[in-house]
Amino acid sequence: MRGEWVNDPVVQRFREYLKIPSVHPDIDYGDCVVFLKQQANEIGLPVTVYELVPGKPIVVITWTGLQPKDSSILLNSHMDVVPVYEEYWSHPPFEAVITDDGFLYGRGTQDMKGVGMMHLETIRRLKTAGVRLKRTIHMCFVPDEETGGTDGMRKFSESEVFKKLNVGFCLDESMPSSTDALIAFNGERTSRQIKITCKGVPGHGSLLESNTAGEKLHYIVNKFMTLRAEEKKKLDNGAALGEVTTINLTQTEGGVQINVLPENLSVSFDIRIAPEYDHDAFEKMITRWCKEAGDDVIFEYIVKNPEVKNTKIDGTVPFWNVIKTTVEKMGIVINCATCPGATDARYVRRQGVPAIGLSLMTNTLPLLHAHDERIHVQVYKRGIDIMEKIVLAVANV
Amino acid sequence: MAAKYEDNAAVANFVEYLKIPSVQPNINYDACVTFLQRQAKEIGLSVKIYEVVPRKPIVVLTWPGKEPSLPTVLLNSHMDVVPVFENSWTYPPFSGHIDKDGKIFARGSQDMKCVGIQYLEAIRILKQSGVQLKRTLHVSFVPDEEIGGLDGMKKFVLTNDFKALNIGFALDEGMANPTEEFIIFNGERSIWQLHVNCTGPPGHGSLLIPNTAGEKLRYIIDKFMDFREEQNKILHGDSKLTIGDVTTVNLTQVYGGVQSNVIPEKLTAVFDIRLAVTVNHVQFENRVKRWCEEAGDGVTFEFEQKNPFVECTKTDASNPYWVAFKKATDEMGLKLDIRIFPGGTDSRYIRRVGIPAIGFSPMNNTPVLLHDHDEFLRADIYLKGIDIYVKLLAAVANV
Ligand SMILES: [Zn+2]
Ligand SMILES: [Zn+2]
Chain A
1 MRGEWVNDPV VQRFREYLKI PSVHPDIDYG DCVVFLKQQA NEIGLPVTVY ELVPGKPIVV
61 ITWTGLQPKD SSILLNSHMD VVPVYEEYWS HPPFEAVITD DGFLYGRGTQ DMKGVGMMHL
121 ETIRRLKTAG VRLKRTIHMC FVPDEETGGT DGMRKFSESE VFKKLNVGFC LDESMPSSTD
181 ALIAFNGERT SRQIKITCKG VPGHGSLLES NTAGEKLHYI VNKFMTLRAE EKKKLDNGAA
241 LGEVTTINLT QTEGGVQINV LPENLSVSFD IRIAPEYDHD AFEKMITRWC KEAGDDVIFE
301 YIVKNPEVKN TKIDGTVPFW NVIKTTVEKM GIVINCATCP GATDARYVRR QGVPAIGLSL
361 MTNTLPLLHA HDERIHVQVY KRGIDIMEKI VLAVANV
Chain B
1 MAAKYEDNAA VANFVEYLKI PSVQPNINYD ACVTFLQRQA KEIGLSVKIY EVVPRKPIVV
61 LTWPGKEPSL PTVLLNSHMD VVPVFENSWT YPPFSGHIDK DGKIFARGSQ DMKCVGIQYL
121 EAIRILKQSG VQLKRTLHVS FVPDEEIGGL DGMKKFVLTN DFKALNIGFA LDEGMANPTE
181 EFIIFNGERS IWQLHVNCTG PPGHGSLLIP NTAGEKLRYI IDKFMDFREE QNKILHGDSK
241 LTIGDVTTVN LTQVYGGVQS NVIPEKLTAV FDIRLAVTVN HVQFENRVKR WCEEAGDGVT
301 FEFEQKNPFV ECTKTDASNP YWVAFKKATD EMGLKLDIRI FPGGTDSRYI RRVGIPAIGF
361 SPMNNTPVLL HDHDEFLRAD IYLKGIDIYV KLLAAVANV
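Same order as they appear, the protein sequences are chains A and B. Numbering of the first sequence is given in full-length UniProt numbering, commencing with residue 1 and proceeding in unit increments. Numbering of the second sequence is given in full-length UniProt numbering, commencing with residue 1 and proceeding in unit increments.
Keep in mind that the hints are not guaranteed to be accurate.
Said to hold, decoys possible - In silico BS3-like pairs for lysine-lysine, Cα to Cα no more than 30 Å straight-line:
| id | chain 1 | residue 1 | chain 2 | residue 2 |
| --- | --- | --- | --- | --- |
| 1 | B | LYS266 | A | LYS304 |
| 2 | A | LYS232 | B | LYS266 |
| 3 | A | LYS233 | B | LYS289 |
| 4 | A | LYS291 | B | LYS223 |
| 5 | B | LYS41 | B | LYS391 |
| 6 | A | LYS37 | A | LYS19 |
| 7 | A | LYS284 | B | LYS223 |
| 8 | B | LYS289 | A | LYS232 |
| 9 | B | LYS384 | B | LYS48 |
What the hints assert, rightly or not - Some chain B residues well away from chain A (every beta-carbon gap over 10 Å; in silico):
| id | residue |
| --- | --- |
| 10 | VAL246 |
| 11 | ARG274 |
| 12 | VAL279 |
| 13 | PHE301 |
| 14 | ALA317 |
| 15 | ALA324 |
| 16 | ALA328 |
| 17 | ASP330 |
| 18 | GLY344 |
Stated by the list, open to error - Residues from chain A shown here face chain B by an in silico Cβ test under 7 Å; the list is partial:
| id | residue |
| --- | --- |
| 19 | VAL34 |
| 20 | GLY205 |
| 21 | THR246 |
| 22 | ALA337 |
| 23 | PRO340 |
Keep in mind that the hints were calculated from the coordinates and are not lab data. Note that beta-carbon positions come from the ideal geometry of N, C-alpha and C, so glycine has one too.
Whenever a hint applies, use it, and build me the whole structure from the sequences.
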């Protein structure tokens, strides 16, 4: 069996992509671009490389549809992968080793070169079979998703070039599922990182002044951590992580000397607001807490992502409807939820484009960002089968 | 008015001392030592310089008593002063400028170069009047009180040189008081400064993992700050109490965390605590231990400073020096207000080795400006203080 997999050109192409160490930090995307251009050539599709930021190429391979004026389908994946601690790996993370039992090891197998290759293999198969789709397909390979996508999908999605692609629907990543049901993501929580600075009267540490920074910090920490405890209760009672608002106290700083009342004490919180929350009300609540804490308690955003509405899965987005019916026809269950983390899909949704995260990997232990990230060759190949049906469906809506 | 004090030798001496910028940090005490050596010579006192730590001189001027084998009286003051923000001063802080109301402006005018010179001026008067006291007086001038006295009085009290001084009673600094009463300090709270380290598993900021450093820090801050509020209520619930009578807690520093989206492995809160003299130290430490345990695994505390329990100096008939002190002030018609010192002074080191010590700076009707901008002392208050010491020293040294 192993020999068969190793010699399988479908697996070979995947392995070739995995062997490119496009790993953070300071990635040279040159080899990725060369590889993707070669893929496009082999399939017979035009490729355009956009460099909105020098050294941060965005590779777009386009297959024009029968009705090119219709909005297009974007199949998005990122080329970058997160760092590795090689000593913890059973097989080198950039050698794409296949074990006797069929596991393909490599950083990016799950997150998300595997998904990008499923896109490419699907299109290769359809085109080779002489199929023509109604809508145009753009396969997009972007840099720097793992560091926030600022110089990648964020800039690209806001560009004129992106508008010209006339995207009507986008597929991006989700995560592997350890059961035989698929996981889809239709939205993300809103990431907000804030720093609250409590100013107070300076003075000697031996007194009991009122209006001290310490008292204000006490109030603020209590408010946030009480809310955290409430949300944690929801999680402990079975709510999905994507449906609860998470709060974490991540940093504290302030004070000059152990016996001196500080003028400033500050505390930072990482907040992920669940889609169900009224974001404006949430901000007002923080403002109110700061007021209640006392004079001169101010908060600033370190990160303030705008609220992005989830892609609707209530039947009003036809692309989702056909995905669901297609996989269900194959006898596969698909569960759609809010992504607990953040992906490039949020930038696409921000432009008003419906986007679904879909990494077609069932019965797979999720190892995104972990050691020994791997995928079984059969899971990968079945993913291509499912992707083929999905692309046929969404591109013919 | 200023002209009135121009020719006053006691004021001139005070101003000269104030002009020496013996200001923290990194003080060169040479000018102080030279000045004090000259004072000793002029008054006719012997002088000895102890350098327990190099460049940290302890200057002791001695006036032998009639019965030199009796325990002596120590008159202590510190030579150093706290830093200044010169821009916030009306007159330069090391000018000793005397304004038309007779206010002498300088860093150290209240804390506490005044007291050091007043001791000397009182002795000068006593000596000039031909008096000899029963007990020996040692007038000590120590370094670095303002930074905790670690290289000054704290070390000095443990030396054989100090033991050889055979001290039975000490006077040290008190504090100004805006009303007519003079404040007397007979004890200090114990300073406990500690870092509480809250550790927990690291992780991504988008998760809600249990047992995080942040949750523990919250618990710790809660406990300490709630206790602070209790003490604050006690203080404000009884008009007779002053700050020295309650235990104070202040959150003075916080640190920890690596990135705003990463759950940190460690967060630390730093508290400055002053234990009231009535607090049982063992019980209080157990309470802190319990809070840490309740906060969760991996919550520990470490002391940056932990003062031991020190008995207050008795202000009753059991302390003959106090009886003499009280009698002298009663005779002068001075109103006294006995308190526990809110901060820390070198007196604690003296009391720690079993010597009764009273903190007293003769500055009534004076706003409290120690460590503040525009620190000043009115010349008339200063001169009145010398007269007070003339009586006081005679009283306590004749016990
Ligand atoms: Zn990813
Ligand atoms: Zn002082």
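Consistency of the hints with the structure:
1. This hinted pair checks out: LYS266(B) and LYS304(A) have alpha carbons roughly 25 Å apart, not beyond 30 Å.
2. At roughly 21 Å between alpha-carbon atoms, LYS232(A) and LYS266(B) fall within 30 Å of each other, so this suggested pair holds.
3. Between LYS233(A) and LYS289(B) the alpha-carbon distance is near 28 Å, which keeps this suggested pair within the 30 Å criterion.
4. About 23 Å separates the Cα atoms of LYS291(A) and LYS223(B), which keeps this hinted pair within 30 Å; it holds.
5. Of the supplied pair hints, the one linking LYS41(B) and LYS391(B) holds, its CA atoms being roughly 23 Å apart against a limit of 30 Å.
6. Between LYS37(A) and LYS19(A) the CA atoms are separated by roughly 16 Å; this keeps the pair inside 30 Å, and the hint holds.
7. For a cut-off of 30 Å, the pair hint linking LYS284(A) to LYS223(B) stands: about 28 Å separates their Cα positions.
8. Between the alpha carbons of LYS289(B) and LYS232(A) the distance comes to roughly 27 Å, so the proposed pair stays at or under 30 Å and holds.
9. Simply put, LYS384(B) and LYS48(B) have alpha-carbon atoms about 29 Å apart, close enough for the 30 Å limit, and the pair holds.
10. Not every CB of chain A lies more than 10 Å from the CB of VAL246(B), the least distance being 7 Å, so the non-interface label is violated.
11. Distance check for ARG274(B) against chain A: the nearest CB is about 5 Å away, which does not clear 10 Å, and the non-interface claim fails.
12. The beta carbon of VAL279(B) is kept farther than 10 Å from every beta carbon of chain A, the shortest such distance being approximately 14 Å.
13. In this structure PHE301(B) is separated from chain A by more than 10 Å, as the shortest Cβ-Cβ distance comes to about 13 Å.
14. Once the 10 Å rule is applied to beta carbons, ALA317(B) is consistent with being away from chain A; the minimum gap is 31 Å.
15. Listed as outside the interface, ALA324(B) is consistent with that label: its C-beta sits roughly 30 Å from the nearest C-beta of chain A, beyond the 10 Å cut-off.
16. With a closest Cβ-Cβ approach of about 30 Å to chain A, ALA328(B) is found to remain outside the 10 Å limit, as its non-interface label requires.
17. Once the 10 Å rule is applied to beta carbons, ASP330(B) is consistent with being away from chain A; the minimum gap is 31 Å.
18. With 10 Å as the threshold on Cβ separation, the claim that GLY344(B) sits away from chain A is violated: the shortest Cβ distance comes to roughly 7 Å.
19. Because the closest C-beta pair between VAL34(A) and chain B is about 33 Å apart, greater than 7 Å, the hint is violated.
20. At its closest, the beta carbon of GLY205(A) sits 3 Å from a beta carbon of chain B; the interface hint therefore holds under the 7 Å criterion.
21. Checking THR246(A) against chain B by beta carbon gives a least distance of about 5 Å; that is within 7 Å, so the hint holds.
22. Hint status for ALA337(A): violated, given a least beta-carbon distance of 14 Å to chain B, over 7 Å.
23. Look at PRO340(A): its Cβ gets to within about 6 Å of chain B, closer than 7 Å, so that hint holds up.
The earlier numbered hints that this structure contradicts are 10, 11, 18, 19, 22.
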